[in-house]
Amino acid sequence: MTIRGKAYIAGAFEHPLRKAPEKSVAQLHAECAKGALADAGLSKDDVDGYFCAGDAPGMGPLSLADYMNLRLRHIDSTDTGGSSYLVHVAHAAEAIALGKCSVALITLAGRPRSEGMATGTAPRPGNPAQPDIPFEYPYGPTLVNMYAMCAMRHMYQYGTTSEQLAWIKVAASHHAQHNPNAMLRDVVTVKEVLDSPIVASPLHRLDCCVISDGGGALVVVAPEVMKSLRRPRVRLRGAGEAPKGQFGGDVDLTFSGARWSGPRAFAEAGVTPADIQYASIYDSFTITVLMQIEDLGFCEKGKGGRFVADGNLISGTGRLPFNTDGGGLCNNHPANRGGMTKVIEAVRQLRGEAHPAVQVKNCALALVQGTGGSLGTRHGSATLILERE
Amino acid sequence: MIMPDRILPAPEPNPETQPYWDAAAAGRLLIRRCAACGRAHHYPRALCPFCFSDRTEWQTASGNGTLYSFSVMQRAPVPYAIAYVTLDEGPRMMSNLVDCDFDTIRIGMKLKAVFKPTEGGLKLPMFTPA
Chain A
1 MTIRGKAYIA
11 GAFEHPLRKA
21 PEKSVAQLHA
31 ECAKGALADA
41 GLSKDDVDGY
51 FCAGDAPGMG
61 PLSLADYMNL
71 RLRHIDSTDT
81 GGSSYLVHVA
91 HAAEAIALGK
101 CSVALITLAG
111 RPRSEGMATG
121 TAPRPGNPAQ
131 PDIPFEYPYG
141 PTLVNMYAMC
151 AMRHMYQYGT
161 TSEQLAWIKV
171 AASHHAQHNP
181 NAMLRDVVTV
191 KEVLDSPIVA
201 SPLHRLDCCV
211 ISDGGGALVV
221 VAPEVMKSLR
231 RPRVRLRGAG
241 EAPKGQFGGD
251 VDLTFSGARW
261 SGPRAFAEAG
271 VTPADIQYAS
281 IYDSFTITVL
291 MQIEDLGFCE
301 KGKGGRFVAD
311 GNLISGTGRL
321 PFNTDGGGLC
331 NNHPANRGGM
341 TKVIEAVRQL
351 RGEAHPAVQV
361 KNCALALVQG
371 TGGSLGTRHG
381 SATLILERE
Chain B
1 MIMPDRILPA
11 PEPNPETQPY
21 WDAAAAGRLL
31 IRRCAACGRA
41 HHYPRALCPF
51 CFSDRTEWQT
61 ASGNGTLYSF
71 SVMQRAPVPY
81 AIAYVTLDEG
91 PRMMSNLVDC
101 DFDTIRIGMK
111 LKAVFKPTEG
121 GLKLPMFTPA
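Chains as they are written, first to last, in the working numbering: chain A, 1 to 389; chain B, 1 to 130.
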């Protein structure tokens, strides 16, 4: 049993707002749903499967399904943080392959920017029943310092430099200049990244992603539904998922779960990293991108720094065009969860609907990689391989 | 520069972990070792995360370790250094580096445990250069 070729992404929508103080979170979810359904050429009443994650207020999918008044026969609220929406695409394909639904809607939305959330710099108390919390929270773990420890160890072990990490931001900014909705549209230089203040050593302010309101949605459909639609056909070819934690104390900060989710997706798709023409890679921080590129096999482990340097991720000139919308580093990171927008930009690329300045020529095979949670403690990795039919 | 002390939130013990926090309050670092497979782990659990045996027991650790990684959180009311420390007994634990000049911190440096009071009176195991 495989999901290869069993499902298509028929609709994709990224909310245009980056600050939405006058909208509710439920409203943002519904606006994204409406946009993705319109993009697919489907209506709300066609939806029979619904997927959402921890950003959706309420118990699992129940409140939002009710808010949108959906009539469903399949629901799934798997939460792996920012990578949830990649997992949802894979799980939607599984459900479709089994005949459990034929039009699956996936939504994400949130307002951390309007709510003034100190997303990356404040420790979150969490639930003390979560077994790791008493052994971590009192020490002040934040999103930034946890990823910073990964970067620090990677630098120690492999000689990676801050200049190399900065190149990832530089590449994202080259793409974001063409995106009118991007939060940061100015092209930056390596020097500007290095001159920005240290948030948590060795990560600078410009090594970090933006904090934005908004959201996005996807519609995943069965082959017979896709045949009735007029959109370009973007087919799921392979998927892999893998949680990674601390291994009972054998902590290793130098790799991500992409080491396992990647090969699973490549095996199912029957392709190799060399075949990939475009990659959306989760970019909560520059180090996040570097580690996943290595773990997916785009380069040898430890050589990610050299791989990303000198504009190698810039569309048109680099070997691996990545995050051509500007990514989380420059464009959008709605609800502090970047997986949704990663899938959306890959769909744009495969449809030939990316901005002409960043569109990969004849893009027929794309990879989407996400990690949610924290690379410094525990996270869920997910990899998708998508193709234009 | 040596930073001033910051206010530390108290850990919340539960029946499974109470002895660890009682020992820390008395200035001792405990680890949990499995009598079935012999391996020590962290954070402590009733069931061994390696072999799933329930024959795990408390053991007093030496308090000695080596720095695996760290980051100085500059964007904080009082900057602090978070770290993973490889204990001489094997497991790596999250902690803070204290009572030292942050500019002198190096991965691989030898460390020893110290115990710092939290808001609630319990103490947290932390590390300082040996």
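Do not take every clue at face value.
[Stated by the list, open to error] To spell it out: a stretch of chain A is covered by chain B in this simulated footprint if at least three of its residues, at any positions, have a beta carbon under 8 Å from a beta carbon of chain B; those stretches are:
id, segment
1, 50–64
2, 199–211
3, 301–310
[What the hints assert, rightly or not] With the C-beta cut set under 8 Å, the calculated list includes, among others, these residues of chain B facing chain A:
id, residue
4, 7
5, 46
6, 49
7, 53
8, 70
9, 114
10, 118
Hints are computed from structural coordinates only; laboratory data are not their basis.
Beta carbons are placed, not taken as given, at the ideal position from N, Cα and C, and that holds for glycine.
A quick look at each hint next to the structure:
Counting residues of the segment 50–64 of chain A whose C-beta sits closer than 8 Å to any C-beta of chain B gives 0, which falls short of three, so the coverage hint is violated. Proximity of the segment 199–211 of chain A to chain B, defined as three or more residues with a beta carbon under 8 Å from a beta carbon of that chain, is established by the 5 residues found. For the segment 301–310 of chain A, the stated coverage by chain B is not satisfied: 0 residues place a CB nearer than 8 Å to a CB of that chain, which falls below the threshold of 3. Hint status for residue 7 of chain B: violated, given a least beta-carbon distance of 10 Å to chain A, over 8 Å.
Taking 8 Å as the C-beta cut-off, the interface hint given for residue 46 of chain B is violated, the closest approach to chain A being about 10 Å. Using the Cβ-Cβ criterion of 8 Å, the hint placing residue 49 of chain B at the interface with chain A is satisfied: the shortest such distance is roughly 3 Å. For residue 53 of chain B, the shortest C-beta to C-beta distance to chain A is roughly 13 Å, which exceeds 8 Å, and the interface hint is violated. Residue-level restraint check for residue 70 of chain B holds (minimum Cβ-Cβ distance to chain A is 6 Å; threshold 8 Å).
Restraint check, residue 114 of chain B versus chain A: the minimum CB separation of about 13 Å is more than 8 Å; hint violated. At its closest, the beta carbon of residue 118 of chain B sits 6 Å from a beta carbon of chain A; the interface hint therefore holds under the 8 Å criterion.
Violated hints for the displayed structure, listed by number in ascending order: 1, 3, 4, 5, 7 and 9.
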